[in-house]
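K.L.:
These protein sequence lines are chains A and B, in that order.
For the first sequence, position 123 matches number 123 in full-length UniProt numbering, and the numbering has no gaps at all.
For the second sequence, position 180 matches number 180 in full-length UniProt numbering, and the numbering has no gaps at all.
No lab work stands behind these hints: they were computed from the structure.
Watch out, some of these pointers could steer you wrong.
[Claimed, not checked] In silico DSSO-like links for lysine-lysine, alpha-carbon gap of 30 Å or less:
| hint | chain 1 | residue 1 | chain 2 | residue 2 |
| --- | --- | --- | --- | --- |
| 1 | A | Lys-14 | B | Lys-110 |
| 2 | A | Lys-110 | A | Lys-47 |
| 3 | A | Lys-32 | A | Lys-14 |
| 4 | B | Lys-166 | B | Lys-189 |
| 5 | A | Lys-32 | B | Lys-113 |
| 6 | B | Lys-110 | A | Lys-32 |
| 7 | A | Lys-14 | B | Lys-113 |
| 8 | A | Lys-47 | A | Lys-32 |
| 9 | B | Lys-110 | A | Lys-42 |
| 10 | A | Lys-82 | B | Lys-110 |
| 11 | A | Lys-47 | A | Lys-82 |
[Stated by the list, open to error] To spell it out: a stretch of chain B is covered by chain A in this simulated footprint if at least three of its residues, at any positions, have a beta carbon under 8 Å from a beta carbon of chain A; those stretches are:
| hint | region |
| --- | --- |
| 12 | 66-73 |
| 13 | 82-90 |
| 14 | 93-101 |
| 15 | 105-113 |
None of the values given here were measured: they were computed from a predicted structure.
A virtual CB, placed ideally from N, CA and C, is assigned to each residue, including glycine.
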Amino acid sequence: MRLITHNMLSSNIKGVTNGFPLRIEAEKVVEKPVEIDPKFLKNMFVKIDWKALVDASRIMGYADLPDEANPSMLELDEFLQKFHHALLELHLEEGALVCPQTDRRFPVIKGIPNMLLHEDELFLQRGVSHGGGGTPKTQSRTFKYLDLNTSLSCA
Amino acid sequence: MSSKTAQIRLVSSHPEVYEPCDDSFALVDALLADRAHLLEHHPSICMEVGCGSGYVITSLALILRQEAPGVHYIATDINPHAMRVTRETLEAHEVNADLIIADIASGLDKRLKGLVDVMVVNPPYVPTPEDEVGSEGIASAWAGGENGRSVIDRILPIAVNLLSEKGWLYLVTLTANNPSEICLQMRKKGYAARIVVQRSTDEESLHIIKFWRDIDTQVDAKEMVTVNKSAPARVMESLLTEVPRLLFRRSSNSNSTG
Ligand SMILES: C[S@@+](CC[C@H](N)C(=O)[O-])C[C@H]1O[C@@H](n2cnc3c(N)ncnc32)[C@H](O)[C@@H]1O
Numbered sequence: 001m002r003l004i005t006h007n008m009l010s011s012n013i014k015g016v017t018n019g020f021p022l023r024i025e026a027e028k029v030v031e032k033p034v035e036i037d038p039k040f041l042k043n044m045f046v047k048i049d050w051k052a053l054v055d056a057s058r059i060m061g062y063a064d065l066p067d068e069a070n071p072s073m074l075e076l077d078e079f080l081q082k083f084h085h086a087l088l089e090l091h092l093e094e095g096a097l098v099c100p101q102t103d104r105r106f107p108v109i110k111g112i113p114n115m116l117l118h119e120d121e122l123f124l125q126r127g128v129s130h131g132g133g134g135t136p137k138t139q140s141r142t143f144k145y146l147d148l149n150t151s152l153s154c155a
Numbered sequence: 001m002s003s004k005t006a007q008i009r010l011v012s013s014h015p016e017v018y019e020p021c022d023d024s025f026a027l028v029d030a031l032l033a034d035r036a037h038l039l040e041h042h043p044s045i046c047m048e049v050g051c052g053s054g055y056v057i058t059s060l061a062l063i064l065r066q067e068a069p070g071v072h073y074i075a076t077d078i079n080p081h082a083m084r085v086t087r088e089t090l091e092a093h094e095v096n097a098d099l100i101i102a103d104i105a106s107g108l109d110k111r112l113k114g115l116v117d118v119m120v121v122n123p124p125y126v127p128t129p130e131d132e133v134g135s136e137g138i139a140s141a142w143a144g145g146e147n148g149r150s151v152i153d154r155i156l157p158i159a160v161n162l163l164s165e166k167g168w169l170y171l172v173t174l175t176a177n178n179p180s181e182i183c184l185q186m187r188k189k190g191y192a193a194r195i196v197v198q199r200s201t202d203e204e205s206l207h208i209i210k211f212w213r214d215i216d217t218q219v220d221a222k223e224m225v226t227v228n229k230s231a232p233a234r235v236m237e238s239l240l241t242e243v244p245r246l247l248f249r250r251s252s253n254s255n256s257t258g
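Using the sequences provided together with the hints, build the complete structure.
P.N.:
Written as structure tokens, this is what we have:
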């Protein structure tokens, strides 16, 4: 899982209002170089939550991103290189993404985060049975489920 | 089959992962037929929901790779085995996609909202008893519940939420799914539709439908609904008169894309 994906994910457990950013628990981080594409980076910059990216990259062992960034910095090669490296070259291979509000862990195994929720974590939103029942048994059920005192605040 | 699609090698498989089939091929052929438009579209983020073996997302990445580098690909599947097979398919073809085990797009609804420029979906669409939907094992790859619509009907609003202003959705449907009713639903949300590929096999008749946001369509559909009580019938009618024409035009060249 690269940090661009981390920047797009949030916890959607029922009752959670502050599900972003997910806290990273890093057990194994690898670097895989890819070609830099300034146009893509400029496109993505506006969509990225900068603080979440900075914090995540530090947990992954990369501390070179500046605390603050603005679009004018995209003209600087040095900044682009750092942004590129943090966003697209650092991979979380083993570890977890942790919901900031409930501490529920979403495991990351062999680089792939598992965002599936269990039946009791879902909003009751549909009459039809769905995915929950079909959640393959192989997925981890070892996390500690915390009681949510929060009331259901969204529809 | 076109030469491009034939280039995809499956290096890995799993008894519980859907093997590329007529529907997968038809979807990739639709993407190939639309290749020139896709390149002009300059997508930043492309996403597949329910990627199975990874055949489709890998094909899409290869189709766009030469002329549109720097596209970000995301693929989800509810089946963890599928993710492993997809990763191996991607690696064998040296393309990158970020993989997430998710129920449709769980966890992505907030931050990916409005950012997806191209979404491709070959959903479980076969009409089955409702309790087979999302059941254990390979059946969940095709089991679609009543009229095959259970999963499709959950995907549509999520797709609308994730698609960007200029976003496109390519969806595989079966005649039994009632594609014109799907088009009508999407029309109410402001999406126009076109059939890109239509293909009949012995068992099923597949339509690959492309949806895109269209201001006129939205106004149109709203007006029809508020002004005229018989609007749905009229919308349907106009769709139905359009569909055979499109089918005709498309079927004459849908197999000649390679
Ligand atoms: C018809 S197969 C298509 C596989 C592949 N895209 C292809 O075209 O060959 C449908 C896929 O959707 C997945 N799927 C079913 N329900 C899903 C859900 N709720 N969320 C995500 N994926 C789902 C299945 O695991 C299966 O891999």
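K.L.:
Indicate, hint by hint, whether the structure satisfies it.
P.N.:
These are the hints, each one checked on the structure:
1. A:Lys-14 / B:Lys-110: Roughly 14 Å separates the two Cα atoms, so the pair holds.
2. A:Lys-110 / A:Lys-47: Holds: Lys-110 (chain A) and Lys-47 (chain A) sit about 27 Å apart, inside 30 Å.
3. A:Lys-32 / A:Lys-14: 35 Å, violated
4. B:Lys-166 / B:Lys-189: Status holds; Cα separation ~14 Å.
5. A:Lys-32 / B:Lys-113: This hinted pair holds, its Cα atoms lying about 27 Å apart.
6. B:Lys-110 / A:Lys-32: Holds. Lys-110 (chain B) to Lys-32 (chain A) sits at ~28 Å (cutoff 30 Å).
7. A:Lys-14 / B:Lys-113: Cα-Cα ~19 Å, so holds.
8. A:Lys-47 / A:Lys-32: Cα-Cα ~23 Å, so holds.
9. B:Lys-110 / A:Lys-42: At roughly 21 Å apart (the allowed maximum being 30 Å), Lys-42 (chain A) and Lys-110 (chain B) satisfy the hint.
10. A:Lys-82 / B:Lys-110: Judged against 30 Å, a Cα distance of about 26 Å means the pair holds.
11. A:Lys-47 / A:Lys-82: With Cα atoms ~17 Å apart, Lys-47 (chain A) and Lys-82 (chain A) stay inside 30 Å; holds.
12. 66-73: holds (count 4)
13. 82-90: Per the Cβ count (3), the hint holds.
14. 93-101: holds (count 5)
15. 105-113: With 7 residues close enough to chain A, the hint holds.
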